[in-house]
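Quick note, the sequences are listed as chains A and B, same order. All residue numbers for the first sequence refer to the numbering used here, where the first residue is 132 and numbers rise by one. All residue numbers for the second sequence refer to the numbering used here, where the first residue is -14 and numbers rise by one.
Derived from the structure by calculation, the hints contain no laboratory data. Keep in mind that a hint or two might mislead.
Stated by the list, open to error - Some chain B residues judged to face chain A by a derived CB distance under 10 Å, without partners named: (1) M(-14); (2) K14; (3) G18; (4) A84.
To be verified - A few chain A positions that, by computed beta-carbon distances, are all more than 12 Å from chain B: (5) T137; (6) G162; (7) S174; (8) E185; (9) S212; (10) H226; (11) Q229; (12) N248.
Said to hold, decoys possible - Under 8 Å between C-beta atoms, here's a sample of chain B residues computed to sit facing chain A: (13) G19; (14) I23; (15) H93; (16) R94; (17) F169; (18) A173; (19) E253; (20) A255; (21) G256.
This structure is a prediction, so every number in the text was calculated from the model and none was measured. Note that beta-carbon positions come from the ideal geometry of N, C-alpha and C, so glycine has one too.
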Amino acid sequence: MQISITVNGVDQTHDVEPRTLLVQFLREASGLTGTKIGCDTSSCGACTVLFDGESVKSCTMFAAQADGGSVTTIEGLAPSSDEMHAVQQAFHEEHGLQCGFCTAGMVMAAAGLLAENPDPTEREVRLGLEGNLCRCTGYHNIVQAVLSAAKKLQGAR
Amino acid sequence: MIPAAFEYVRADSADAAIAALAEHGDDAKLLAGGMSLIPLMKLRLATPTVLVDLGRVTDLSYVRDGGDHVAIGALTRHRDLETSDLLAAACPALRGVAAEVGDNQVRHRGTLGGSVAHGDPASDLPAVLLALDATLVARGPGGTRSIAAADFFHGFLETALAPDELLTEIQVPKAAGGWNYQKFNRRAQDWAIVGALAVRNGSTRVALVNMGATPVRARAVEEALAAGASAADAAAVAAEGTEAPADLNGSSEYREHLARVLVRRALEAAGL
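Bound-form chain A, shown alone (with noise of 0.2 Å):
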């Protein structure tokens, strides 16, 4: 079946099975390999995104149910090629990564997170991102990024 979703602000038409997953879309279909496939189980979160504004879990979610709707993947959340997303900034500033392989989750999970709750507390955060794992056990720094983000995007409001 055709499947059509505006994927970064560009249209992704392609020729999917219905059984294909969005994660699968995105990765294969579309050639963006920046949203990763975790446990597959939709418990880790590394393949989160944002549809529609609110984040995902694209491993558990049909392409054929974004149909005709608006992703956001880890490729497309910076402004431009040459400035970062505040929250992918504080990530860096903040060293909220270890190895990597949840980042992507983290930081569409975290700006899912922000757009809903610009100003949460530490607790509101650890309980915001309660649906990504970082395998590394990192997430003083993490959660301490996500602050830092939102504070950030509160005096640039």
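Given the structure of chain A, go ahead and fit chain B onto it with the hints provided.
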């Protein structure tokens, strides 16, 4: 993991979904948010040959004041429950428990009707529907019928819904009193190993998650409280009448212990 191949049907209305079920029979399965069904399909524990996607049936997504109850469309997402001002005033327990389901990403997709129709005894929200004696409305080729929450859950992943019926609305009696939900799990986002809900709405109602093949009311606790027992004494009988499962997360005895402890905590936190 890739699900088995299926034919995809997108329903644009409740009637279209019911017609698709009538056409394809037992081979068809309804897809709401997919948070329970898609993982099962990926593991090939569920292999429907026709998948009827309800994602575009937007007229079944609402939270409305129904007078003595709150009427909730079956396709209302957990996210919409946990941010509902109406529920905050009229049924804070439902709003609060919705916020305990899965994680943000799951709550952005998962729906109340999908969770209930799936019939998993480890789900959080059925406890609220049982405790408050909610009514579930189903529509099929023969028309609409109402099912009491107490009669809805038949067994593990089994409900009163017929294969050709669509759950359309959940009516939850208003209950603005104290409540508390204790969910015990090992990872933040996991299913409850055991959950205990206490709601004060005139009498005190207690419901248990993952203490049998279906969500259950802790009737013995409710009767003890009605007879004047303290929270601690009432909680001591929390496992009576349950058939707690045993699995990797714990034995039946461990779950019975958890039920007693969690019910006491829930009762105390609800102000008893």
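Here's how the hints hold up against the structure:
no. : hint   : in the structure
1   : M(-14) : holds, 5 Å
2   : K14    : violated, 13 Å
3   : G18    : holds, 9 Å
4   : A84    : holds, 9 Å
5   : T137   : holds, 17 Å
6   : G162   : holds, 19 Å
7   : S174   : violated, 7 Å
8   : E185   : violated, 4 Å
9   : S212   : holds, 28 Å
10  : H226   : holds, 23 Å
11  : Q229   : holds, 19 Å
12  : N248   : violated, 10 Å
13  : G19    : holds, 6 Å
14  : I23    : holds, 5 Å
15  : H93    : holds, 4 Å
16  : R94    : holds, 6 Å
17  : F169   : violated, 15 Å
18  : A173   : holds, 4 Å
19  : E253   : violated, 22 Å
20  : A255   : violated, 21 Å
21  : G256   : violated, 23 Å
Violated hints, in rising order: 2, 7, 8, 12, 17, 19, 20, 21; the structure is consistent with all others.
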